[in-house]
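Read top to bottom, the protein sequences are chains E and R. Under the numbering used here, the letters of the first sequence match residues 186 to 390, in that order. Under the numbering used here, the letters of the second sequence match residues 186 to 390, in that order.
Just so you know, not all the hints are guaranteed correct.
The list cannot tell twin chains apart, which means a pair is met if one copy fits it or any two copies do.
[Stated by the list, open to error] The list that follows gives simulated cross-link-like pairs (lysine-lysine, DSS-like), each with its CA atoms no further than 30 Å apart:
#, residue 1, residue 2
1, K308, K341
2, K234, K308
3, K297, K325
4, K308, K257
5, K308, K241
6, K325, K241
7, K308, K333
8, K329, K297
9, K234, K341
10, K257, K297
11, K334, K308
12, K325, K341
13, K334, K241
14, K241, K341
15, K325, K308
16, K234, K334
17, K329, K308
18, K333, K241
Everything labelled a hint here was simulated from the structure, so no lab data went into it.
Number of protein chains: 2
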Amino acid sequence: MIKDKNIVWQNSLVLPRIRSNILRQEPVTIWLTGLSGSGKSTIAFALEKALLNINKLAFVLDGDNLRHGLCKDLGFSEEDRSENIRRVAEVSNLMNNAGLITISAFISPLAKDRLLAREIIGKSRFYEVYVNTSLDTCEKRDCKGLYKKARMGLIKDFTGIGSPYEPPIEPDLLLNTEILTIDQCVNLLIEHINLISKDFWPAHL
Amino acid sequence: MIKDKNIVWQNSLVLPRIRSNILRQEPVTIWLTGLSGSGKSTIAFALEKALLNINKLAFVLDGDNLRHGLCKDLGFSEEDRSENIRRVAEVSNLMNNAGLITISAFISPLAKDRLLAREIIGKSRFYEVYVNTSLDTCEKRDCKGLYKKARMGLIKDFTGIGSPYEPPIEPDLLLNTEILTIDQCVNLLIEHINLISKDFWPAHL
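Build the full structure now, drawing on both the sequences and the hints.
If you want it as structure tokens, here you go:
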């Protein structure tokens, strides 16, 4: 719902295929969801590097990083988390419109928020990847010491402890970092993008 | 101010120069400011097309378009306008980080908001372009019929009528569409980007 009916949409003069031709890629959003410590950010940044290495223009939108900038006014209430995901989805969509492959790494615990992201970005270019490392393993790793704080009651609304995580019902891809190395995750993702992104490997390369 | 001290910044593994090498351009933000009807959006989309025509990856962030998505929860109070500009500046910054040339077309009437945008994006890559078409001309054009509504009191907070516009003191470039054609504006902007963006015209082209 837009607040003002005096706001008129203006189309770009550049067709999406012009961007695809320049970049030799189709824009998609790889949406990584999973618990804190599951490996989302590590996979996201490794995938970004691997894609840049083969001259594909990708960019990571990372949960913690966005909360330093665009979303720094938001907390962790259910309402704020939804607004966080909405804004990220809007930025993913803009980046796809610009021609980029977007890699979004967000806990995004609620199915309804991920559904909204899918709607904003568009079904045909949204790929939900569930980093399904178990809570037990994430808590044992506790890279940032947050599970310990959550168990001590110092962080409320912590996903998996004081706040729910709703697993995706039909994710496009499952990545469990208890079983797979980061390199294996990246290779699986690139294979997957290759399948979904026509002209990903143009004939002249 | 970030709401939570448990949020840790994570760096990309891809250096900015890798992106510059792939795209053969330096990322900058061209920030077009001026009254409604001054020609900002028209110039922005024409510049985007001209840049894509020479294989430069640019993307327009347009005031009205953003208010259909990322900023659709915001109105036109001074507070909401500031938040609108803050979010747009954060997105411009992310797009620059991704390697793109960003063209931002927003009335952005207040000097303090444009200053915040400059700080978020970084002085070295923020270029303020004042589309200084006069209020008189903008009102005569009245492409969207908004000045008429504002004069009738149907739109309050309309910039130039019920709400102030603070002209930039030292803009990087002035474009007056009463004197210049759109093509002339675009050519001046490309000359300007050429000056500020090293390696804009790589030797092998």
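Taking the hints in turn, this is what the structure says about them:
1. K308 / K341: neither (33 Å within a copy, 39 Å between copies)
2. K234 / K308: Answer is both: 25 Å inside a copy and 27 Å across each meet the 30 Å cutoff.
3. K297 / K325: This pair counts as within: shortest intra-copy Cα distance 29 Å, inter-copy 47 Å.
4. K308 / K257: The answer is both: 28 Å in one copy and 21 Å across copies each meet 30 Å.
5. K308 / K241: For K308 and K241, the Cα distance is within 30 Å both inside one copy (22 Å) and across copies (28 Å).
6. K325 / K241: neither (35 Å within a copy, 47 Å between copies)
7. K308 / K333: neither (38 Å within a copy, 41 Å between copies)
8. K329 / K297: Classified as within: same-chain Cα gap 27 Å, cross-chain 37 Å, threshold 30 Å.
9. K234 / K341: neither (34 Å within a copy, 49 Å between copies)
10. K257 / K297: both (22 Å within a copy, 19 Å between copies)
11. K334 / K308: neither (37 Å within a copy, 39 Å between copies)
12. K325 / K341: within (19 Å within a copy, 57 Å between copies)
13. K334 / K241: neither (39 Å within a copy, 48 Å between copies)
14. K241 / K341: neither (40 Å within a copy, 47 Å between copies)
15. K325 / K308: This pair counts as neither: shortest intra-copy Cα distance 35 Å, inter-copy 43 Å.
16. K234 / K334: For K234 and K334, the Cα distance exceeds 30 Å both inside one copy (32 Å) and across copies (51 Å).
17. K329 / K308: neither (34 Å within a copy, 33 Å between copies)
18. K333 / K241: neither (39 Å within a copy, 48 Å between copies)
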